[in-house]
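Quick note, the sequences are listed as chains F, L, V and S, same order. Following the numbering used here, the residues of the first sequence are numbered contiguously, the last one being 389. Following the numbering used here, the residues of the second sequence are numbered contiguously, the last one being 778. Following the numbering used here, the residues of the third sequence are numbered contiguously, the last one being 1167. Following the numbering used here, the residues of the fourth sequence are numbered contiguously, the last one being 1556.
Hints are supplied without guarantee of correctness; some may be wrong.
Just some of the chain L residues that point at chain F, by a computed CB distance under 8 Å [to be verified]:
1. HIS444
2. ALA448
3. THR633
4. SER659
5. TYR773
Please keep in mind that the hints were generated in silico from the structure rather than gathered at the bench. Glycine included, each C-beta is placed from N, C-alpha and C at the ideal position.
There are 4 protein chains.
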Amino acid sequence: SPALGIGMVGYAFMGATHSHAWRTVGHVFDLPMRPVMAAIGGRDADAVRAAAARHGWAAAETDWRALVDRDDVQLVDVCTPGDSHAEIAVAALEAGKHVLCEKPLANSVAEAEAMAAAAERAAARGQVAMVGFNYRRVPAVAYARRLIADGKVGTIRHVRVTYLQDWLVDPDFPLTWRLKREYAGSGALGDLGAHAVDLAQYLAGELLVGVSALTETFVRDRPELDGASSGLSGSGSARRGPVTVDDAALFTGRLTSGALASFEATRMASGRKNALRLEVNGERGSLAFDLERLNELSFHDHTESAESAGFRRILVTEPGHPYLEAWWPPGHALGYEHTFTHQARDLVVGIAEGAAPAPSFADGLQVQRVLAAVEESAEKNAVYTPVPS
Amino acid sequence: SPALGIGMVGYAFMGATHSHAWRTVGHVFDLPMRPVMAAIGGRDADAVRAAAARHGWAAAETDWRALVDRDDVQLVDVCTPGDSHAEIAVAALEAGKHVLCEKPLANSVAEAEAMAAAAERAAARGQVAMVGFNYRRVPAVAYARRLIADGKVGTIRHVRVTYLQDWLVDPDFPLTWRLKREYAGSGALGDLGAHAVDLAQYLAGELLVGVSALTETFVRDRPELDGASSGLSGSGSARRGPVTVDDAALFTGRLTSGALASFEATRMASGRKNALRLEVNGERGSLAFDLERLNELSFHDHTESAESAGFRRILVTEPGHPYLEAWWPPGHALGYEHTFTHQARDLVVGIAEGAAPAPSFADGLQVQRVLAAVEESAEKNAVYTPVPS
Amino acid sequence: SPALGIGMVGYAFMGATHSHAWRTVGHVFDLPMRPVMAAIGGRDADAVRAAAARHGWAAAETDWRALVDRDDVQLVDVCTPGDSHAEIAVAALEAGKHVLCEKPLANSVAEAEAMAAAAERAAARGQVAMVGFNYRRVPAVAYARRLIADGKVGTIRHVRVTYLQDWLVDPDFPLTWRLKREYAGSGALGDLGAHAVDLAQYLAGELLVGVSALTETFVRDRPELDGASSGLSGSGSARRGPVTVDDAALFTGRLTSGALASFEATRMASGRKNALRLEVNGERGSLAFDLERLNELSFHDHTESAESAGFRRILVTEPGHPYLEAWWPPGHALGYEHTFTHQARDLVVGIAEGAAPAPSFADGLQVQRVLAAVEESAEKNAVYTPVPS
Amino acid sequence: SPALGIGMVGYAFMGATHSHAWRTVGHVFDLPMRPVMAAIGGRDADAVRAAAARHGWAAAETDWRALVDRDDVQLVDVCTPGDSHAEIAVAALEAGKHVLCEKPLANSVAEAEAMAAAAERAAARGQVAMVGFNYRRVPAVAYARRLIADGKVGTIRHVRVTYLQDWLVDPDFPLTWRLKREYAGSGALGDLGAHAVDLAQYLAGELLVGVSALTETFVRDRPELDGASSGLSGSGSARRGPVTVDDAALFTGRLTSGALASFEATRMASGRKNALRLEVNGERGSLAFDLERLNELSFHDHTESAESAGFRRILVTEPGHPYLEAWWPPGHALGYEHTFTHQARDLVVGIAEGAAPAPSFADGLQVQRVLAAVEESAEKNAVYTPVPS
């Protein structure tokens, strides 16, 4: 099968997960194209060379523009902090490359609009652009979507999503880039809330039409970072600087159909490590999911007799479940990184077929609009704020 | 020990639970006074006589005023729908009786204010008044409060409470009194949300200072009731009438300390039967509870090492847990009705000692003010609405 | 409805649970006879009088023979330690009384045979005898039996039951009567294993045909009891005496159909308070239950598609579930003591109808034979030992 | 770092998992040697070439002897059915190669003895041999071992392990090699029971000294295989042949310290997909684990106060947990295949350091002796059968 050269920008947490996916996907799935890990890009020459060696990239570039321009790169995978997404992705699209961009799509609606417009222009040229809401590709989540699409939940009344983490509970956790508005755009909202919004809309097959929000920054200053950070960690110095993003965001909203939705995103929920919890209640059934138990889906069939009904724990590891035929026998758990491998699989298939897999840049823009409406509502005393369509 | 004559008004669901409590409490706890089930009141003579026989009351009255005036009644237990709480409770207090009143305290803030004022006057005469937020007396909830009071949770950042039921999912469930504003005051909000608000404030030891809310009535009309209903059930006729209360209420808010709180009350969450779920996250620890597993409390101690920390499932059935010394050996579950027995125990002790146990009518009034602020916010596009203090 | 006078012998843990049941059953269920708590018997005059007052019995007797002979007693409820079951129960049956006897039926097969023979003679005179395997009347267990009887599990392959407690982990827990062979017959085996065996056979609708067993007494001596003990507790002195019963019993066996069964009974499983866990696996489905969550039943329907199948958590609180119509709305939990109330209900109905409800004394005898085979196997190097039929 | 050439024999289920491990381990862990996937071996030329391409092996061999003899192979990884383990592993050891051999080590004690002897001779030459009990390297299991070694469980009283699957419930599942004694040695016993025994002994840090067992083959004949099978699946023909291994094995035993152990291995437990459940109860604490939730460990600290004690759910995803520092942030789940990557990591380190990581071939032999004692006991009416040391 033909090669698909990949150039990835960024080599921190997301760089590691995407590298794993590119190394693995061709050995697990039957693909119409053969991913080739052509080059990795990053500003620090030593670090990017080390990352290339560690993660299995053939070459390293210190200038993302050079990486985008490489002839052996057909797909640019953007794993940088949000403030550079727009510039890199638009340039790559304009250079004729396919693009995979980490979420949230951008740090502002304006950037996201530019990106979606570039993607639309590129689509006309046969290019594919995708935003990395990887949790859509947890098999249990994809199967939940299938059940909803098949009518097993019926008319939806409620969607509730909490995404709870606890790595900011300690007031002396240092000021990494994720805590600065200029790099991260927002805090728990963009980091966790973006996933929550995307999943709520994806599962329901509906959009949010308006939101009401409260946000809070509980710890207003933190130790300035002492040297580089990687992933979610870092060590702090004695000097403290201001946290310029939210620690937590709570919002409620209405979906197209009139269903009610509630959201909570926080990095201050002690004991909750990665508690992305989804619940959908409909007239015919309900679904529940917790990312901390990502191989399981809870499903209640409300059409059963009252006596025998109950939430069933489906172990989403059967060959008939999404993505599972390529993996292990029933009951053998998948992990977090598989979501990126599945994303890579669908993207490669999409590129081969000339059809961009969801979520598109337009989907990413729409999520960005929801996040902006959340921030606007929070600034305006929680007043219900429409999401522009 | 001296007798304490009890007169109860109402004989539906709450009448049954309170009767059970009065029959049982003296056989389980060492009490300073001996409860005597003197009389039960209700408008339908046959029904109230049958209820007296069934539930173990010595006499039956068809006029609640006659019941209140009985010399053998020192405590009036109000188990009627919310629209008659104020009239009965105030009359009983003014007649010199102690009063236990089911929740929510009233159907309006004005009524609740009158009741709290009457209770305050009565307190000066040595009378006791209590509102029946029975879930405070689930042993696991009372123990959670003890842990918070002991500092095990530290500064609270988040409180989240959902109270989910599903008995209104069927659009042909009939129009019982709980679906009519004139009797019930509100819908899921007053029925379930009142518990949620009381528990959030009780556990945190803080008050809500403001709220932002969305409410919804998904099923706008339902079959008119064909004859009498009891408890939560009833059978419907072909004629349909308007539902005049909310099916669901979502609200967020801020507590005195600045903590964020989120609430969801609904009777439309298919598969959730009695899912009153509480979670409190603090700097030093977190607690979680689900009424569907009422013998369990989850506690995370955030001061432990990261490696050995985790939410522990405490089976709240040890002799050292609240109320448990009077019951069975460890591991032997209690049920729903025990909360009423515990409430009765604390009330009898309070009467004997001349000290009203919490929650007082003033506490009930404050919850009513929160509910009113929720309704006001919902009417005003979810704008953040202060709770008067 | 006619009165049914009850005389109960014993006033410790089981005396309290049975008293609660007799006080409550007539107020919850529609009964064909009216239980009257006529008299309670016990050797210590002061203690038995106090128990009568506490638990609501009209009279107290210090001689069980006098209690049995009372004209106002038609049903004798035997709640003493196992060593006196046979004598009291046989005398009561021969005196023409109905008998309810706590489990295990006796401390030896010979005693149990005499009791079963007496019950058979009494049955010919219209008397009813029942053994108190109360856990059959947990609604979830009764519903599990219904599902199996309805064919939802199909041909059974495996039954596994563990009954784990931890109140003997502390080597200084004192030598109460339950640790002495002369009173208790055996240790975890008779106390916990008897329930396990009864439930396995009840659920499967099959009998054990043979067993292989290991037993162990981990703590061979314990502090002699300093004064009286009650329930499971007591305080110890400095002097230690020998534990003459097992701390734990593990056994495997075969059921009539060829299914395999495994059992574990122990009071040394730290952290397990009352973990009576049942699982049945059949060709068409599986069931699982844990007494620590007694309102729940897990059911897997193996005839569903592999994708949508899973163990569903049924909250056994629906009006259509066994015993539930008399209690609270869906989702409102029952507790441990309800099992005794249900047992009392079925017994009263059985007496009124002249038909002994299961489990009969013959059933109790059969369980005793299993326990004897377990002990015999344990003495004979675990060799597979048939259960006489 | 120096290369470590690997030659793997077998390319079915275990071939896929081992290949994934070898592809991944060097990109995740800092290794003292660089694994090179030199060659894969299998009898069918087309199939083995396809497997080489699919799984990333540089070369393919149809004769395992040729693979063993390759100069670029220093480590032979044996992933064939059990009947060829001994021949290949001994030959590889005698050819001077390091060996990793899938479990169970062999199909008989005699074979295992020969392998252990060969490993011992090879060790004297600096070669490393390891048996693939991969579940020791689930982080939660490795952490459980650490807690026990640190004294957090104290004197062990009980170990119970069930390993339940359901892929043989359907009586028309075909006769794959795992159902034939000549290839598989035994059935659920060797496939699942071997893991159970290894883990029980590994966690406890003790050996089984004797066992008592029942085994059963519920479905005595099954459809002959129609063509090749892969992994656990295959399609059957109309002709049926005899199942010559056990469907289920139940056994109890005693550990060195006198603790009791119970085991159940079955492939007939409908609804249980991969339920390897471990529980250890000790004087100071208890641990519980379920492979279906492999990122979690339950730990009860019995030294805490009775009120605050409970099984805590530890999410074993912290950087301080075994193997986790190399992976993702807290709360990001690992999966089944990670166990093989961890095994590969420890093996490479062991080879570099000249120290064989546990479990050794001697450990594998000891497990084989337990399995043989189980089969002997099952043939001798379950009589307690010592495990030779």
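Hint-by-hint comparison with the structure:
About 27 Å separates the beta-carbon of HIS444/L from the nearest beta-carbon of chain F, more than 8 Å, and the hint is not met. Taking 8 Å as the C-beta contact cut-off toward chain F, the hint placing ALA448/L at the interface is violated, the least distance being around 38 Å. For THR633/L, the interface hint is violated, the least distance from its beta-carbon to any beta-carbon of chain F being 18 Å, above 8 Å. A least Cβ separation of about 4 Å between SER659/L and chain F falls short of the 8 Å threshold, and the interface hint therefore holds.
Given hint, TYR773/L at the interface with chain F, holds; its Cβ is 4 Å from that chain's nearest Cβ, closer than 8 Å.
Of the hints listed earlier, those the structure fails to meet are numbers 1, 2, 3, in rising order.
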